[in-house]
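By our numbering, the letter at position 251 of the sequence shown is numbered 251, and the numbering carries on one by one without gaps.
No lab work stands behind these hints, which were simulated from the structure alone. One or more of the hints may lead you astray.
[Stated by the list, open to error] Simulated restraints, written as ranges between beta carbons of each label pair:
1) P63 / E325: 30 to 40 Å
2) T270 / A189: 15 to 25 Å
3) T193 / T326: 30 to 40 Å
4) P184 / T129: 21 to 31 Å
5) A286 / A135: 36 to 46 Å
6) A203 / R227: 35 to 45 Å
7) A203 / A126: 35 to 45 Å
8) A158 / A53: 17 to 27 Å
9) S54 / G168: 35 to 45 Å
Note that CB positions come from ideal geometry on N, CA and C, so glycine has one too.
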Amino acid sequence: MPDWSYQTLFRPLLFRLPAQQARSLTLRALGLLGAHELGPRIIALMGHTQPPASLARTVAGVPLATPVGIGADLPGNDVALAAFARFGVGLVELGPVAQQDWAAAAPPERQAAAGSIVLYGDSLLAAETLVQRLAACTVPPTQVAVRLGHMPGASAEAAAAERVLLLGQLAPWARLFTLTPPPPDWSLAGWQTHVASLVQAAAAWQRPLLVGVAADDGPARMEQVVRVALEAGAAGVLICGGAAGAAGSRLLGRPAYTATLNAVRRLRATWPTTALVAAGATHEPADGLALLAAGADVLQLDAGLVLSGPGLPKRINEALRFQLETPQQPMQPRTWRSWPGTSW
1 MPDWSYQTLF RPLLFRLPAQ QARSLTLRAL GLLGAHELGP RIIALMGHTQ PPASLARTVA
61 GVPLATPVGI GADLPGNDVA LAAFARFGVG LVELGPVAQQ DWAAAAPPER QAAAGSIVLY
121 GDSLLAAETL VQRLAACTVP PTQVAVRLGH MPGASAEAAA AERVLLLGQL APWARLFTLT
181 PPPPDWSLAG WQTHVASLVQ AAAAWQRPLL VGVAADDGPA RMEQVVRVAL EAGAAGVLIC
241 GGAAGAAGSR LLGRPAYTAT LNAVRRLRAT WPTTALVAAG ATHEPADGLA LLAAGADVLQ
301 LDAGLVLSGP GLPKRINEAL RFQLETPQQP MQPRTWRSWP GTSW
């Protein structure tokens, strides 16, 4: 779907609905499109989304067609995997998963004027449900990641046992795994043992494991969590979950951008070679270019797809290609166009 049609037609209609209802409707529609035998051709015809070959790279041993992906901070990607995989992305992250479904404290809300989506806790998808959907899905033309959650309130030991089982269930379909950030009440020793057990389970399937941290974790806490995880064998870090909002909520989109950018800079300065994924903050191509320049290896889109439109991956890919092909020429993001009537 071109951004010009999304911004002028579909977004105004969808934004008349509550955020959760609009997302469910969109995901179901994309799921039906992706499952139709003509779906891939329709998506290709409407979007011309194939990333240029110059953007291909390998991150944590996983080959990606582009460093632009779709993240699991907004759950439900599994419903539309076949369609999302053809949006010009190198990676689609599914989840978070647990052994049982778990609903967030309240449905997400949109704050369009602020460029954000408000989350009230994690919604967890039962692994059995995801396995059934993946088994019924044609292998998509992109890499699939799964974010491993755990039941709320679990200890580090109990959560590790749950996640090892989840990893074994989903490894046949996932090329890599990520973890939701550790709760603040887990000790560093418990966290290290937790990560080590998961690294061992992932290694049996030859799958890399990335650990999650919140973008606005304090620098000292973030460094401790990451250092312990990397020493335990983790392959990299996922900065996810946006930034803290009111009453325990989390904000994806523009409000999370500065915290995410600062986290990328700090982590890259300390660990120059580890895989680093930035999620929850890319709203426009300029955001993505800045995060990549700061040291991110991969961008994961979520709120940006809702607020800016499904052409966002294509626009970032084209901006990256322009940057690679004309590195000495200053970019003019306000005038360079990728869709009729739409500038980034």
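Right, here's what the structure says about each hint:
no. : hint                    : verdict
1   : P63 / E325: 30 to 40 Å  : violated (21 Å)
2   : T270 / A189: 15 to 25 Å : holds (21 Å)
3   : T193 / T326: 30 to 40 Å : violated (49 Å)
4   : P184 / T129: 21 to 31 Å : holds (29 Å)
5   : A286 / A135: 36 to 46 Å : holds (40 Å)
6   : A203 / R227: 35 to 45 Å : violated (20 Å)
7   : A203 / A126: 35 to 45 Å : violated (25 Å)
8   : A158 / A53: 17 to 27 Å  : violated (45 Å)
9   : S54 / G168: 35 to 45 Å  : holds (37 Å)
In the structure shown, a violation is registered for the earlier hints numbered 1, 3, 6, 7 and 8, in ascending order.
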